[in-house]
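**Q** Sequence:
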Amino acid sequence: MKDLLESGVHFGHQTRGWNPKMARYIFAERNGIYIIDLQKTLRMLHEAYNFIQNMAMEGGSILFVGTKKQSQESIETEAKRAQMFYVNNRWLGGMLTNYQTISNSIDRLKKLETDQEEGLFDQLPKKEALRLDREKTKLNNVLSGIKDMGRLPSAVIITDTRKEAIAVQEAKKLGIPIVAIVDTNCDPDPIDYPIPGNDDAIRSIKLVCSVLADAITEGRATALEGTEELPSDESEETDSEDEVVGEEQEEDIVTESEGNPTDATSPPRRRRRSRNVDQPSEEAEEESDK
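Each residue of the sequence shown is one higher than the last, beginning at 4 in the working numbering.
Bear in mind the hints are in silico, worked out from the structure with no lab data behind them.
For every residue, glycine included, the Cβ atom is placed at its ideal position computed from N, Cα and C.
Among these hints, one or two may not hold up.
Here are the computed lysine-lysine pairs in the DSBU-like style, where the Cα-Cα straight-line distance is at most 35 Å [unchecked claim]:
#, residue 1, residue 2
1, 150, 166
2, 209, 43
3, 130, 72
4, 141, 83
5, 83, 43
6, 175, 24
7, 175, 209
8, 83, 114
9, 176, 141
10, 5, 43
11, 72, 139
12, 129, 150
13, 71, 166
14, 175, 71
Across the chosen pairs, the derived CB separations fall in these ranges [unchecked claim]:
#, residue 1, residue 2, range
15, 95, 53, 30 to 36 Å
16, 169, 229, 36 to 42 Å
17, 84, 27, 29 to 35 Å
18, 175, 27, 19 to 25 Å
The task is simple: from the sequences and hints, build the whole structure.
**A** Shown next as structure tokens:
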């Protein structure tokens, strides 16, 4: 709660520009500015944290989106820290709904980067090399944060739903869950996990992005720990099976000893075998009588 206050998360927009759907998240009005109820912000931030943590634990990919100036640095920093993806320069229409075309542009960007690293640009005429370098720079500015995403994200984190209205529409159309900061002038209805808060202050945006990045990091760490514990579980199952087999063998021995009338501790008796040399046959006796 202290961090939320210090970061100015509770400051909303002016009262003349608000969305009535945000009324349930407003605590009071001070000097023409709405004050957001931080108790509700804290509760809903916790819900968003749990959702993002579980998503990361299941191996899902998260896309951070924030293209306005106040959020660009925080979006890139926290997404990279969480080893996730981001869009912080410009949202291209169809970035989600027409992802195949975006993938083609990403492939083009990777090819240009490879050609430049291998020195192929140096072999071209200066004018052509300059044109390709400009194309690479332009693509990189827009696609660098999703270059390695490879597929549609499992969830989207948005810092300003009004600024990123197209991203919200595309995510809703594809059924991709949305976690977003919603200020007093925003519509919270399209957002799956709204976080009431100041979407203009740099510190407010940075705090929320940092908390959600922590959720991703913790979720992936928990999944990794679970993977490392699997071999020990299998060995325990093997040991338990060996114990069961050993117990069954002991039961068989005890059963055999109980069936034997002699003492189980006494050594087994050897049976005497009859030898023909000691006992003459009846035919031999008849010959001797004759």
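**Q** So, for every hint listed, does it hold in this structure?
**A** Results for each hint:
Of the supplied pair hints, the one linking residue 150 and residue 166 holds, its CA atoms being roughly 23 Å apart against a limit of 35 Å. The suggested pairing of residue 209 with residue 43 holds, with an alpha-carbon distance near 19 Å, which does not exceed 35 Å. With a C-alpha separation of about 33 Å, the suggested pairing of residue 130 with residue 72 holds against the 35 Å cut-off. Using a Cα cut-off of 35 Å, the hinted pair residue 141 and residue 83 holds, with the two alpha carbons roughly 21 Å apart.
With a C-alpha separation of about 29 Å, the suggested pair residue 83 and residue 43 falls inside the 35 Å cut-off, and the hint holds. Of the pairs offered as hints, the one joining residue 175 and residue 24 holds, with about 19 Å between alpha carbons and a cut-off of 35 Å not exceeded. Restraint check for residue 175 and residue 209: satisfied, since their Cα atoms lie roughly 25 Å apart, inside the 35 Å limit. Straight-line distance between C-alpha atoms of residue 83 and residue 114 comes to about 23 Å, which keeps the hinted pair within the 35 Å bound.
The hinted pair formed by residue 176 and residue 141 meets the criterion: a straight-line CA distance of about 28 Å does not exceed 35 Å. Between residue 5 and residue 43, the direct Cα distance comes to roughly 14 Å. Compliance with the 35 Å bound is thereby established for this hinted pair. For the suggested pair residue 72 and residue 139, the alpha carbons sit about 23 Å apart, so the restraint of at most 35 Å is met. Pair hint residue 129 plus residue 150 holds up; C-alpha atoms about 27 Å apart against a cutoff of 35 Å.
The hinted pair formed by residue 71 and residue 166 meets the criterion: a straight-line CA distance of about 7 Å does not exceed 35 Å. Restraint check for residue 175 and residue 71: satisfied, since their Cα atoms lie roughly 21 Å apart, inside the 35 Å limit. Hint check: residue 95 to residue 53, Cβ distance near 31 Å, so the stated range 30 to 36 Å holds. For residue 169 and residue 229, the hinted distance range of 36 to 42 Å is satisfied, since their beta carbons lie about 37 Å from each other.
Here the CB-CB span from residue 84 to residue 27 is close to 33 Å, well matched to the stated 29 to 35 Å. For residue 175 paired with residue 27, a C-beta distance near 21 Å keeps the hint of 19 to 25 Å intact.
The earlier numbered hints are all upheld by this structure, with none contradicted.
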